[in-house]
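These two chains come separately, so use the hints to put the complex back together.
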Amino acid sequence: MANNKSITLKNITKQYGSTVTALNDVSFTILPNEFKVIMGQSGSGKSTFLQITGLLDSATTGKVIINGSNTESLSKNELAKIRMKTLGFVFQSFHLNPNMRAYENVMMPMFINPEFTSKSQMEKRAKELIDRVGLSERSTHYPGELSGGEQQRVAIARSLANDPDFILADEPTGNLDSQNEKSVFDLLKQLSTEGKGVLVVSHNDLAKEYADTLYTMKDGVLKEG
Amino acid sequence: MKISSLNLLVKSSIKRNVGKNIFFLVFLAFAVVLTTVTVSVMLPFCDNVENKLNNHLYNRMFNVEIPSSTVDTAIKKVNDTHHVQDVYTYLDSMSVSDITGTLESEYTMCSLVHEAAPLIVDGRLFRDDERNVAIVPDNIRDYSQSQRKLKNINGSDLVGKQLTFLTEGDDYTVTVVGTYSLSDPMFTGKQIIIPEQEMKSLNDKIQLENNNSFIDDEQYDGEKKSIFTVLVDNHSNTDDVIENISNQGIDCHKAYKLNFDTASYQVAAVILMIMFALLIVMVFVAVSAFVNNHIKSRTVEIAMYRALGYRSSNIFIILFAEYLVMGIIALAFGLGISLIVLQATVNPYLNEFLGQTIMTMTASITPINLLVMVCTIILIELLACLIATKKTNVIKLMILLQER
Ligand SMILES: Nc1ncnc2c1ncn2[C@@H]1O[C@H](COP(=O)(O)OP(=O)(O)OP(=O)(O)O)[C@@H](O)[C@H]1O
Ligand SMILES: [Mg+2]
Chain A
1 MANNKSITLK NITKQYGSTV TALNDVSFTI LPNEFKVIMG QSGSGKSTFL
51 QITGLLDSAT TGKVIINGSN TESLSKNELA KIRMKTLGFV FQSFHLNPNM
101 RAYENVMMPM FINPEFTSKS QMEKRAKELI DRVGLSERST HYPGELSGGE
151 QQRVAIARSL ANDPDFILAD EPTGNLDSQN EKSVFDLLKQ LSTEGKGVLV
201 VSHNDLAKEY ADTLYTMKDG VLKEG
Chain B
1 MKISSLNLLV KSSIKRNVGK NIFFLVFLAF AVVLTTVTVS VMLPFCDNVE
51 NKLNNHLYNR MFNVEIPSST VDTAIKKVND THHVQDVYTY LDSMSVSDIT
101 GTLESEYTMC SLVHEAAPLI VDGRLFRDDE RNVAIVPDNI RDYSQSQRKL
151 KNINGSDLVG KQLTFLTEGD DYTVTVVGTY SLSDPMFTGK QIIIPEQEMK
201 SLNDKIQLEN NNSFIDDEQY DGEKKSIFTV LVDNHSNTDD VIENISNQGI
251 DCHKAYKLNF DTASYQVAAV ILMIMFALLI VMVFVAVSAF VNNHIKSRTV
301 EIAMYRALGY RSSNIFIILF AEYLVMGIIA LAFGLGISLI VLQATVNPYL
351 NEFLGQTIMT MTASITPINL LVMVCTIILI ELLACLIATK KTNVIKLMIL
401 LQER
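Chains as they are written, first to last, in the numbering used here: chain A, 1 to 225; chain B, 1 to 404.
Errors might be hidden in some of the hints.
Derived DSBU-like pairs: lysine-lysine, alpha-carbon spacing no greater than 30 Å straight-line [to be verified]:
| # | chain 1 | residue 1 | chain 2 | residue 2 |
| --- | --- | --- | --- | --- |
| 1 | B | 205 | B | 161 |
| 2 | A | 81 | B | 296 |
| 3 | A | 76 | B | 2 |
| 4 | A | 127 | B | 11 |
Source of the hints: derived by calculation from the structure; they are not laboratory data. Please read all numbers here as calculations on a predicted model, not as lab measurements.
Chain B extracted, bound-state conformation (with noise of 0.2 Å):
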């Protein structure tokens, strides 16, 4: 059938029912939004558990123990090994506490793990090479020891001061540039971070130290070890990695813990999902209703249509072409009235309720949204009109004989 002969059609039919088409259009504008503004949320959601939490950096790291006679070789099948990214010495972290006064609590001097991207919040990162800089969490819960009380210190307010710790005897002084943010789940609140040379000169100095005193030290039998990190590319690879690296004598740990609650994220992922899988089949089901209803009211019609020498083709073609239109009038009234959903109510509750975590997220229209809702709502009403064609097929012609 030509394009300019269902136009034809198709005006004419949707002129004919007014009414209910206005009322179709309506709901599946209405459904357009429930299942865009789900949609919007559901994949920004599903993609920040899977590539935020999931995929976290500590989810995809480990520590292997190597003896230093073999470090050399081992490091090289560590290296080698499939899904490997990343090998590097690892630095202990030190507790260290502040002498000038201003923090009290004890805290942890260490560096970033390769890759860590920390959010700054105020100041800025430290560069590779630069000596005596840190950066501090945000939000600091200092334990004052004379007050004996909580403090809450605004990291912000130690951004340029200088913090004076106490190491293995020496003194270390160093200027906060910076804040980080603690959303990311890898930060407890306590870390003093500073460069990674810096951290590593410090691990050395107290290496040396701990050397001299084994010496001595008649207890200590076994083989120096060095402990190296590995980052692996992916976390569904992890445990092949460990497994293999394992096997191939190669002491592996898992070092790394989120303080986080992955758990309830990934269940409200799938709750998403199924939530998005009933709306769609309550809508198909809805859409399904309407238009068999809207047939029913038609047999007069598509029995004259048969009686001409239409087909089921043609007539699913009618069918189908009207509810496109339809559809895709709904998705544009659907999809404008999403839009200001979402940046009404959807996005400020978003932001409340995640703005300060790793989930932190925005939902909004892109053009995969777009795309997923244009294929179902197409694939429904297809659908939905495969299965009333079918149900003109038992439309008795005689009704056409019959005198109305």
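The following block holds chain A by itself, in its conformation from the complex (with noise of 0.2 Å):
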């Protein structure tokens, strides 16, 4: 069981105060290799279900399920533990350091990361993975030099730093022009064939095509299709 990798939801309900129901009774299992788009409209409750699987907030009620272990019964730093290694975050926003060069950014998951023991170790890591996401000629610069698509890529190989088993995007293409949308999504398909299992949140009808399931968000109900 611990060795079988997947972040699966068991009746997920999240209530904000007594009034909102962001999520209700929602179930879900994602695994390596697979794709998983949702899709829904503003307020359906996409960003909720995401921070919940990314461990990022608490549900009210229900069971995440990572790699094996009941994340209910986890510490603080437990939960930090497993964002850390198992999980890896795209945002709209991008989030870089604009004081740090690109390959820096890429670096931040590496300095809490024990198995990393040298400066050296961490930098060839970054540069590899800059080289991964089509940036190479970039590695120095700083976020505030690159354009919004380059920023994004920036942020994806960010989130390969650890090597994570998953990876969570939410809205990876909101800031972005079709051209950028394409070679983000393009990006994600391919760690995805790579084993990673990918899940994008997203307004963005490109996302469909190359979603293996997609599923639909609708105040707070998860359906697949």
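Printed below as a string of structure tokens:
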């Protein structure tokens, strides 16, 4: 069981106060190699779903099981460790550190990973990942010197820093033009074929074309198709 | 987290908030100046109060009166009492007046109590084996009978001169070899000080004359008593020693009184300490407010750290490292400015008010001051960062998913 890589949500409900039910009895599973896309209207609960899946918030009721361990019973530090090792995040607003070069941003998650024992080891890995997202020429640039699409690719490289099993992306193309949208989806798709489980939450119709499985969120209820 | 990683993080975040950080640096340097000046005045001041006033020789001395027949056993008892440092024969001082006409009022001739170290202003101190020498106050207020007014005589003018005093019938001539400062409150301003041996012979002479007269005195029926002076190792033990010795049936008298307002200096020392404590609290509140404000403007950054799996301890280390770097820079600047402030304003002021008293002191940045300052700043920042880190726990990571 422990070796089974998966994220499973069981009967998740999330309420904000007593009036808003953002998620209503949602169950879901994602495995490595899968590319799953969740679409839905604004306010339907997509982001809420992603942040509970990514352990950024806790559910009101229900269970999140990651690689076999029930996250309900874990301490803050154990949750942080799962975020570091198992999950990679990609956000609509990139959230890069504007005062660090591209490759240094990619190194950020490695700083707290004890598997990296030297700075040169981190730099090597960061440069590899920068190459991997096609930005070799831009590795020493600051985010302010990069286009939106390039910044998002740096963010994807950062999400890969500690070689996670799953990539969770919230509106990854929300701030990008159509050409960059495509390159970002291409990249995410490629990652899933190489073994990552990729979960994308998006408004973007283009996402449908990449999805292995498509879901729709409506009023906090998740439906396949 | 490795130092090289921390270095990258700290550099980037100090760059990110240049304006705020410069403001913080200026504030902290200012706080360092205030606290350093306070510490460098407070420490020597309190030290003076404790060592020069509280632990003054006179607060460690008293006399014992012992019947002549039991002197040997009693002295042994006193000597064996815990904390007793020295026991020696008490020498009576005597009232004298100068017949050369140089000094007109009455003076007291005496020797120095053991361990007294008068501050010699002019000339020199006599040696123990010298005869017919004396030191006089550096500033003598002499009342002239003939002119009916007070004259200020500069002690230095008497150095090298001879004075002749009339004692119990005999003339006694001394050469003034030096003057001593009146800053020590054990001196009254009227003391002509001569070597102990000399004083002893004068005392013996008087004793002899008195004894002769006692033989005929029918009212004197008690046993003759000898007086000794006892010196205790520390003022805090004086009362205990007196109690112990009294309990053994020996008469004790607190015969020595300082001619000084010790209490107001003790109060001043306490006020300085309270000021320092308040200053520390104020600096802490300000630093804490600054760090919290800083944290608020960095919620997204910190939420991102958490999303990447940074723990509270990692975030604390990042924050603390940033403030430590700024703290060290502020300390360097603040200490430099403090040095100038101390030399330019504080020390001249201290010299003017305390220079002529036993409390004389200079404020300087000693290794201890430095240590106090470094520890204080580090501790304040440590605490402020701990509190701030605790506050980052409630940051909702959801803000990362909100479009900015
Ligand atoms: N912290 C909160 N407190 C109260 N209500 C919230 C909170 N966060 C989200 N909601 C509500 O929960 C519902 C789902 O919000 P969510 O952000 O998940 O929607 P979304 O599908 O991501 O929308 P969008 O496409 O606009 O990003 C919304 O009605 C929203 O108002
Ligand atoms: Mg959303």
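Legend entry - Enumerated hints in conflict with the structure, sorted upward: none
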